[in-house]
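*Asks:* Chains as they are written, first to last, in this note's numbering: chain A, 1 to 148; chain B, 149 to 296; chain C, 297 to 712; chain D, 713 to 1128.
These are calculated hints, taken from the structure and not from any lab test.
Watch out, some of these pointers could steer you wrong.
Beta-carbon label-pair distances, calculated as ranges [to be verified]:
1. R388(C) - H34(A): 23 to 31 Å
2. D871(D) - R438(C): 34 to 42 Å
3. Q758(D) - G693(C): 32 to 40 Å
4. L711(C) - E180(B): 28 to 36 Å
Here are the simulated DSBU-like cross-link-like pairs (lysine-lysine), alpha carbons at most 35 Å apart as the crow flies [unchecked claim]:
5. K314(C) - K270(B)
6. K101(A) - K1126(D)
7. K171(B) - K230(B)
8. K122(A) - K1126(D)
9. K122(A) - K730(D)
10. K986(D) - K286(B)
11. K314(C) - K730(D)
12. K82(A) - K570(C)
13. K18(A) - K570(C)
14. K710(C) - K270(B)
15. K986(D) - K23(A)
16. K1126(D) - K18(A)
17. K986(D) - K276(B)
18. K82(A) - K18(A)
19. K570(C) - K101(A)
20. K570(C) - K23(A)
21. K128(A) - K1126(D)
22. K138(A) - K1126(D)
23. K270(B) - K249(B)
24. K986(D) - K249(B)
25. K171(B) - K710(C)
26. K82(A) - K23(A)
27. K570(C) - K286(B)
28. K986(D) - K166(B)
29. K270(B) - K986(D)
30. K249(B) - K166(B)
31. K230(B) - K986(D)
32. K286(B) - K166(B)
33. K138(A) - K128(A)
34. K249(B) - K710(C)
35. K128(A) - K570(C)
36. K101(A) - K122(A)
37. K986(D) - K171(B)
38. K570(C) - K122(A)
The model shown is predicted, which means the values in this text are computed figures rather than measured ones.
Don't be surprised by glycine CBs; every beta carbon is placed ideally from N, CA and C.
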Amino acid sequence: MSQDLDALYQEIILDHYKNPHGKGLREEFEAEVHHVNPTCGDEVTLRVHLSDGVVDDVSYDALGCSISQASASVLYDLVVGKNVDEAMAIHEEFLTLMQGKGSVEPDEETLEDAIAFAGVAKFPARVKCALLSWMAWKDATVQAGGDR
Amino acid sequence: MSQDLDALYQEIILDHYKNPHGKGLREEFEAEVHHVNPTCGDEVTLRVHLSDGVVDDVSYDALGCSISQASASVLYDLVVGKNVDEAMAIHEEFLTLMQGKGSVEPDEETLEDAIAFAGVAKFPARVKCALLSWMAWKDATVQAGGDR
Amino acid sequence: MSVPALPGLLPELEVVRKDFPILERTLAGGVPLVYLDSANTSQKPQVVIDAMVDHLERHNANIARAMHQLGAESTAAFEEARDKVAAFLNARSRNEVVFTKNATEALNLLARTIELGPGDNVVITEMEHHSNIVSWQLACERSGAELRWFGLTDDGQLDLSNADRLVDENTKVVAFTWVSNMLGTINPVADLCARARAAGAVSVVDASQAAPQLVVDVQAVECDYLVFTGHKVCGPTGIGVLWGREELLNELPPFHGGGEMIETVTMARSTYAKAPHRFEAGTPPIVEAVGLGAAVEYLGHLGLDVVHAHEQAITAYALEGLQTVPGLTVLGPLDATERGGAISFELDGVHPHDIAQVLDSRGVAVRAGHHCAKPAHARFGVQSSTRMSSYLYTTPGEIDALVEALEYTRSYFKLG
Amino acid sequence: MSVPALPGLLPELEVVRKDFPILERTLAGGVPLVYLDSANTSQKPQVVIDAMVDHLERHNANIARAMHQLGAESTAAFEEARDKVAAFLNARSRNEVVFTKNATEALNLLARTIELGPGDNVVITEMEHHSNIVSWQLACERSGAELRWFGLTDDGQLDLSNADRLVDENTKVVAFTWVSNMLGTINPVADLCARARAAGAVSVVDASQAAPQLVVDVQAVECDYLVFTGHKVCGPTGIGVLWGREELLNELPPFHGGGEMIETVTMARSTYAKAPHRFEAGTPPIVEAVGLGAAVEYLGHLGLDVVHAHEQAITAYALEGLQTVPGLTVLGPLDATERGGAISFELDGVHPHDIAQVLDSRGVAVRAGHHCAKPAHARFGVQSSTRMSSYLYTTPGEIDALVEALEYTRSYFKLG
Ligand SMILES: Cc1ncc(COP(=O)(O)O)c(C=O)c1O
Ligand SMILES: Cc1ncc(COP(=O)(O)O)c(C=O)c1O
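Only chain A is shown next, with the shape it has when bound in the complex (with noise of 0.2 Å):
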């Protein structure tokens, strides 16, 4: 069963939980969240800091597994940067992977490293930790008023 293992645990994904990209809480942001997993108790705090429509910062503290550490990571990579409209967009295509159940097709192009998570939505129990902290980005960033 270790193809199966190694379709979930791709090397991306175990180098961002080792060396996770923008850790860390910092101070400027207008917003922040704690969102937890209730099943297994899995935690991150995380707070957004936009300007003039561009996420200029999202910084978290996260507890958790490795898939959830690097999806907090390669979430991190993805939408700074960017400016709001695009990173709801970004949001919206890995959302759409990770509900897929395998089927969906990830465009390398726009979900970059996020493309590793193909696998994991293949195991439902795990669809939750991936998601982790897109959710809780998504709720701060419209806390900020970024969805406006």
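Please arrange chains B, C and D with the ligands on chain A, whose structure you already have, making use of the hints.
*Replies:* Same frame as chain A, but now just chains B, C and D with the ligands:
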């Protein structure tokens, strides 16, 4: 299956049902109780009148099926005129008969017409019907201080 | 038994009956079973039993919390059942479907969580099942709210003549049954819901007797909450459903505290998940949900409209047959198109218990008593009644057997 | 797998395993199932499944209210289950056994009905399952009573050093688990009950993890209330048990209002039946009770003392094996004779989810997360853990498979 039915609906029972003895609420009494069978809603209001340790009267008003009506009538016949201890002993014996699932041989000497209820003991759903007025009588007698 | 050609009967009735293993049962003395107590609980088709067995023998695990393959399979089966129930009710969202223990728990959940206070009132009806009476009596006792109710007309309909006075600006809840389990009456659900809405109250529909035999569409009737119970729709015991509008459910405070309903817990305080999980504390009825899912799917395959037509055909045939029995009086509407399949009646000179007993000796299973509707009985001045209730597997021949058994009852008790 | 000769193992273990159809399952990739998640839910022996199927296929009817033969059979089966549970607990009377939906409902029933007010306090412990925490948090919020708790020592025992201050004359309830579902700790039940009694409080014992694996004798431990859940003792989901001293149960007000719990109902007010029926509103979990009855009978035939000895043997073997894994730390007592069969642990450098995932790819089913015991995890400074939990069907070979899979996990995540 009408053999079984006939075991339940003995002639004696149907006679008591059609012509109940002692029915009606009479004025002299020390205690009155109201009992219901919550399953089917059968009800009995029952009064006892004791004097010098003797059951002087049991008067009652009952709504219910042939079995519950007939058993009130038989109760009246069996306990009125007896002293309370004797009546309680009869009560005990009737209870044993009814809870015996058809395996208890009734003693005609003490139970008289009540032996006709031996067949009822084989119908678990009807045992409560047969016991309704008997339980009410015991309750009322205790309340009237008859158990001392 | 040869089946008379009755328009509206379920096509292939004899084949459908084969789906229900218990219908092959014989009783004491080799008498075949004539099951006319389906309003009390329905029988279970083989697919429901098989779905439960397959789950227990191959997929059993706790849900949500378990990360392994069995856990994933069990969770998927449980959540699929929620989807099936959502489809059965035409719910807007699966999050609107809360699994409870039975209809009674669903009603009590609402009675415990909808906020009430002195000055408020709750309006019910005189034809409710005890579950939809006592739950609100207790809620009113706790809160100081007032309990009011619609009375009944002599022909067993809701008396709506004082409706404008009953449902007023202080009404918080209007709770009523869609189909009466005693009188068979079908109530004007959409109208009553609209009336509640106009008064600013929430509507609570008890669909325990409707869900088995009518198309239940929560969007069409525009109710706020609706409940039904698994064991009357071909499903197992141990499961019921509370459906509620998602935004309303998410405003209710938690009901029971425990696993699965939380977001986070510390010793000092906790926060709670959204609906439906907020209301599903503890290990839910998993295999029961699987059974219920299979049951509503089974009904869906037959078609609720077809089931309803069958029920109406049988009910009309039964009303006709019953009225040939001397001394028999039916309680409730006499027009089959206006009622459900439960028919309560009185027979002069024989107590319901005694009727049920004689019927049982001929294999005919009916219910005798107050059917958990004492106030409705009191309204008609009777203390108890006998009730026959058919379902999708009932044949006209079984109704004939009932009528014959009633004739026999009269002769057994030596009534002219 | 050859079974090492371990003293205390269930005699004929391989034969007993044949009673559980799911143990023959293979998972993705043809890997055999190694089910080590029994503290989450136990697997079901064939006799339990068969008892349920027989009930559904041959005896299904509603209980109490039905007067016909099926009704009598169903009622007898349901009430026999009550007798079996009463015997299982060594209850004084069958009236002390109330059937609920699960342990969570049983605890919430108590938290809703035991009278509390400002100035009163409720004492729980830091090792409780969320069901025995949140239920009392909500009760204290409603009533204004104070919630207190016993802390834990570093080795996972209750810290009783301040017990005399915690349990005082204002304590109304002392509620605690017999066996911890996270730490495995077995608490001194009789002592804690005696302490509650001395303070004039009632004791509430959560036996959800004890009932599967220990002799539970309510008279011996002299508790006031005790709960457990069906699905962890080889029974189905959808049923739990509240046991209470008869005189205490009869003093509690009703919980839910509905059918079966009443004595009489009018529109204006109702009176209530005695225990157990007072607390069993609505159609109870009938087929589930039948299953639970078969389950406790099955455990009785094996002998709870024998099951306990097996659990201890496997637990000792597992503790030994786990400690050979580099970087692995067991949470809770390390002496098998002082603990139950649930063993939670940490593995340096790998998150519990990831452990569980790798184990699952080898067929080993364990639980990862907070196991509905967040405060106990917080006490030990961990956010989640991995838990293996054995049961009467667990073999030493399965423990070996777990240990090997943990080694594999370490190598998969490239830990030295
Ligand atoms: C100690 C303990 N208490 C209570 C429960 C709750 O049981 P249920 O979820 O069946 O209500 C559990 C199991 O989940 C448990 O382990
Ligand atoms: C109209 C109605 N409401 C509620 C109920 C209660 O259902 P349950 O006993 O399954 O909770 C019933 C059936 O008993 C019913 O007929």
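*Asks:* State for each hint whether it applies.
*Replies:* These are the hints, each one checked on the structure:
1. For R388(C) and H34(A), the Cβ-Cβ distance of about 29 Å falls inside the hinted range of 23 to 31 Å, so the restraint holds.
2. Look at D871(D) against R438(C): about 37 Å separates their beta carbons, and that is inside 34 to 42 Å.
3. Between Q758(D) and G693(C) the C-beta distance comes to about 38 Å, which sits within the given range of 32 to 40 Å.
4. For the pair L711(C) and E180(B), the supplied restraint of 28 to 36 Å holds, since their beta-carbon distance comes to about 34 Å.
5. Of the supplied pair hints, the one linking K314(C) and K270(B) holds, its CA atoms being roughly 32 Å apart against a limit of 35 Å.
6. As the CA atoms of K101(A) and K1126(D) are separated by approximately 29 Å, the hinted pair is consistent with the 35 Å bound.
7. Restraint check: the Cα-Cα separation between K171(B) and K230(B) comes to about 18 Å, which is no more than 35 Å; the hinted pair holds.
8. For a cut-off of 35 Å, the pair hint linking K122(A) to K1126(D) stands: about 24 Å separates their Cα positions.
9. This hinted pair checks out: K122(A) and K730(D) have alpha carbons roughly 32 Å apart, not beyond 35 Å.
10. The hinted pair formed by K986(D) and K286(B) meets the criterion: a straight-line CA distance of about 18 Å does not exceed 35 Å.
11. Between K314(C) and K730(D) the alpha-carbon distance is near 32 Å, which keeps this suggested pair within the 35 Å criterion.
12. Annotation: proposed proximity of K82(A) to K570(C) holds, straight-line Cα distance about 32 Å (limit 35 Å).
13. Simply put, K18(A) and K570(C) have alpha-carbon atoms about 33 Å apart, close enough for the 35 Å limit, and the pair holds.
14. Taking the CA atoms of K710(C) and K270(B), the gap is near 24 Å; set against the 35 Å cutoff, the hint holds.
15. At roughly 61 Å between alpha-carbon atoms, K986(D) and K23(A) are farther apart than 35 Å, so this suggested pair is violated.
16. Proposed proximity of K1126(D) and K18(A) is supported: the alpha carbons are some 11 Å apart, at most 35 Å.
17. Between K986(D) and K276(B) the CA atoms are separated by roughly 15 Å; this keeps the pair inside 35 Å, and the hint holds.
18. The hinted pair formed by K82(A) and K18(A) meets the criterion: a straight-line CA distance of about 25 Å does not exceed 35 Å.
19. With a CA separation close to 23 Å, the supplied pair K570(C) and K101(A) stays within the 35 Å bound.
20. This hinted pair checks out: K570(C) and K23(A) have alpha carbons roughly 29 Å apart, not beyond 35 Å.
21. Our distance criterion of 35 Å between C-alpha atoms is met by K128(A) and K1126(D), whose separation comes to about 25 Å.
22. Straight-line distance between C-alpha atoms of K138(A) and K1126(D) comes to about 34 Å, which keeps the hinted pair within the 35 Å bound.
23. The hinted pair formed by K270(B) and K249(B) meets the criterion: a straight-line CA distance of about 5 Å does not exceed 35 Å.
24. With a C-alpha separation of about 23 Å, the suggested pair K986(D) and K249(B) falls inside the 35 Å cut-off, and the hint holds.
25. The suggested pairing of K171(B) with K710(C) holds, with an alpha-carbon distance near 23 Å, which does not exceed 35 Å.
26. Annotation: proposed proximity of K82(A) to K23(A) holds, straight-line Cα distance about 18 Å (limit 35 Å).
27. With a CA separation close to 54 Å, the supplied pair K570(C) and K286(B) exceeds the 35 Å bound.
28. Simply put, K986(D) and K166(B) have alpha-carbon atoms about 33 Å apart, close enough for the 35 Å limit, and the pair holds.
29. A distance of roughly 25 Å separates the Cα atoms of K270(B) and K986(D); the hinted pair therefore holds under the 35 Å criterion.
30. Taking the CA atoms of K249(B) and K166(B), the gap is about 26 Å. The hint holds against a cut of 35 Å.
31. For the hint pairing K230(B) with K986(D), the CA-to-CA distance comes to about 32 Å; that is within 35 Å, so the pair holds.
32. Note on K286(B) and K166(B): the hinted pairing holds, with a Cα-Cα distance of about 25 Å set against a maximum of 35 Å.
33. Using a Cα cut-off of 35 Å, the hinted pair K138(A) and K128(A) holds, with the two alpha carbons roughly 15 Å apart.
34. For the given pair, K249(B) sits about 29 Å from K710(C) by alpha-carbon distance, which is consistent with the 35 Å threshold.
35. Taken as a hint, the K128(A) and K570(C) pair is honoured in the structure, with Cα atoms around 15 Å apart against an allowance of 35 Å.
36. Among the hinted pairs, K101(A) with K122(A) is consistent with the structure: their alpha-carbon atoms are about 5 Å apart, no more than 35 Å.
37. Restraint check for K986(D) and K171(B): the C-alpha separation of about 29 Å stays at or below 35 Å, so the hint holds.
38. Simply put, K570(C) and K122(A) have alpha-carbon atoms about 25 Å apart, close enough for the 35 Å limit, and the pair holds.
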